[in-house]
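Visitor: Sequence:
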Amino acid sequence: MKKAVSILILAVGVFLSVVTAKTAPAVTKDGEAYYTNMQGATLTKEQYDRLTKLFGKDTVATMDPKMLDSIKDDKSLRVLADTEKYIEIDDTVDSKGKVIKSEQREVSKEEAENFARHHKNDAP
613 MKKAVSILIL AVGVFLSVVT AKTAPAVTKD GEAYYTNMQG ATLTKEQYDR
663 LTKLFGKDTV ATMDPKMLDS IKDDKSLRVL ADTEKYIEID DTVDSKGKVI
713 KSEQREVSKE EAENFARHHK NDAP
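Here the sequence shown is numbered in the working numbering, starting from 613 and rising by one per residue.
Worth double-checking, as some hints may not be accurate.
[To be verified] If you anchor each label on the Cβ, the simulated ranges turn out as follows:
no. : residue 1 : residue 2 : range
1   : L692      : V719      : 23 to 29 Å
2   : M650      : E696      : 36 to 42 Å
3   : K665      : T704      : 22 to 28 Å
4   : Q651      : S714      : 26 to 32 Å
5   : P677      : T704      : 35 to 41 Å
6   : D734      : K708      : 17 to 23 Å
7   : S682      : S720      : 23 to 29 Å
8   : R729      : D661      : 32 to 38 Å
9   : N726      : D685      : 23 to 29 Å
10  : H730      : T695      : 23 to 29 Å
11  : H731      : D686      : 36 to 42 Å
[Claimed, not checked] Straight-line distance between alpha carbons at most 16 Å, and here's what the computed EDC-like set of lysine to aspartate or glutamate pairs gives:
no. : residue 1 : residue 2
12  : K657      : E644
13  : K665      : D685
14  : K713      : D703
15  : K684      : E644
16  : K669      : E658
17  : K713      : D702
18  : K665      : D686
19  : K684      : D661
20  : K657      : D703
21  : K684      : E658
22  : K713      : E700
23  : K732      : E696
24  : K697      : E722
25  : K721      : D686
26  : K665      : E700
27  : K721      : D703
28  : K687      : E658
29  : K697      : E725
30  : K657      : D681
31  : K657      : D686
32  : K687      : D661
33  : K697      : E723
34  : K697      : E718
Derived from the structure by calculation, the hints contain no laboratory data. Don't be surprised by glycine CBs; every beta carbon is placed ideally from N, CA and C.
Please put together the full structure from these sequences, using the hints given.
Guide: Structure representation (structure tokens):
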């Protein structure tokens with residue numbers, strides 16, 4: 613039996629899989645590690661503040677340590693454009709939960725909010 617599952621994803625700038633981070637800042641002195649993300653990468657308060665303005669807290673929380681190390685001190689990084697898109701993804705899954713078909717389409721903010729209101733208790 614096939615089961616259709618609709619999932620709505622809000623993407624800001626690029627499509628990202630967002631994971632809620634449950635990391636806490638460490639008690640520190642100036643210049644020492646202020647924040648450790650889910651991958652074990654550490655940042656000073658200045659680095660954390662600057663990078664979360666550029667990428668958002670959820671993205672910084674899940675970034676690979678090598679990626680963070682390569683950009684954490686780069687003060688030339690800037691936001692060039694900020695685009696918000698709402699994407700509806702319709703997945704068809706088989707009885708084992710394996711996705712066998714996936715369709716994506718851009719929807720309006722109103723459509724996305726309406727979908728969210730009516731499907732807030734649905735599990736993907």
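Visitor: Are the hints correct? Go through all of them and say.
Guide: Structure-based check of all given hints:
Range check, L692 to V719: about 25 Å between beta-carbon atoms, so the 23 to 29 Å window is met. Taking the beta carbon of each, M650 and E696 are about 25 Å apart, not inside 36 to 42 Å as hinted. Separated by about 39 Å at the C-beta atoms, K665 and T704 break the suggested range of 22 to 28 Å. For the hinted restraint 26 to 32 Å between Q651 and S714, the CB-CB distance of approximately 27 Å keeps it satisfied.
At about 37 Å, the CB distance of P677 to T704 agrees with the hint of 35 to 41 Å. Checked against the hint of 17 to 23 Å, the C-beta distance between D734 and K708 comes to roughly 19 Å, which is consistent with it. Range check, S682 to S720: Cβ separation about 37 Å, and the 23 to 29 Å hint is violated. For the pair R729 and D661, the supplied restraint of 32 to 38 Å holds, since their beta-carbon distance comes to about 34 Å.
In this structure the supplied range 23 to 29 Å is violated for N726 paired with D685, their Cβ-Cβ distance being about 44 Å. Between H730 and T695 the Cβ separation comes to about 26 Å, which falls inside the hinted range of 23 to 29 Å. Separation of H731 from D686 is about 40 Å and conforms to the stated range, judged on CB atoms against 36 to 42 Å. At roughly 8 Å between alpha-carbon atoms, K657 and E644 fall within 16 Å of each other, so this suggested pair holds.
With a C-alpha separation of about 14 Å, the suggested pair K665 and D685 falls inside the 16 Å cut-off, and the hint holds. Only pairs whose Cα atoms come within 16 Å are accepted, and K713 paired with D703 is accepted, the gap being roughly 6 Å. A distance of roughly 14 Å separates the Cα atoms of K684 and E644; the hinted pair therefore holds under the 16 Å criterion. With a C-alpha separation of about 14 Å, the suggested pairing of K669 with E658 holds against the 16 Å cut-off.
The suggested pairing of K713 with D702 holds, with an alpha-carbon distance near 8 Å, which does not exceed 16 Å. Using a Cα cut-off of 16 Å, the hinted pair K665 and D686 holds, with the two alpha carbons roughly 14 Å apart. With a C-alpha separation of about 10 Å, the suggested pair K684 and D661 falls inside the 16 Å cut-off, and the hint holds. About 40 Å separates the Cα atoms of K657 and D703, which puts this hinted pair outside 16 Å; it is violated.
With a CA separation close to 9 Å, the supplied pair K684 and E658 stays within the 16 Å bound. The suggested pairing of K713 with E700 holds, with an alpha-carbon distance near 14 Å, which does not exceed 16 Å. With a CA separation close to 21 Å, the supplied pair K732 and E696 exceeds the 16 Å bound. About 12 Å separates the Cα atoms of K697 and E722, which keeps this hinted pair within 16 Å; it holds.
Restraint check: the Cα-Cα separation between K721 and D686 comes to about 34 Å, which exceeds 16 Å; the hinted pair is violated. Taken as a hint, the K665 and E700 pair is broken in the structure, with Cα atoms around 26 Å apart against an allowance of 16 Å. Pair hint K721 plus D703 does not hold up; C-alpha atoms about 20 Å apart against a cutoff of 16 Å. Taking the CA atoms of K687 and E658, the gap is about 11 Å. The hint holds against a cut of 16 Å.
Between K697 and E725, the direct Cα distance comes to roughly 12 Å. Compliance with the 16 Å bound is thereby established for this hinted pair. Between K657 and D681 the CA atoms are separated by roughly 15 Å; this keeps the pair inside 16 Å, and the hint holds. Proximity of K657 to D686 is assessed by CA-CA distance (about 15 Å); at most 16 Å being required, the pair is judged to hold. For a cut-off of 16 Å, the pair hint linking K687 to D661 stands: about 12 Å separates their Cα positions.
A hinted pair counts as satisfied when its Cα atoms are at most 16 Å apart, and K697 with E723 qualifies at roughly 12 Å. Of the supplied pair hints, the one linking K697 and E718 holds, its CA atoms being roughly 7 Å apart against a limit of 16 Å.
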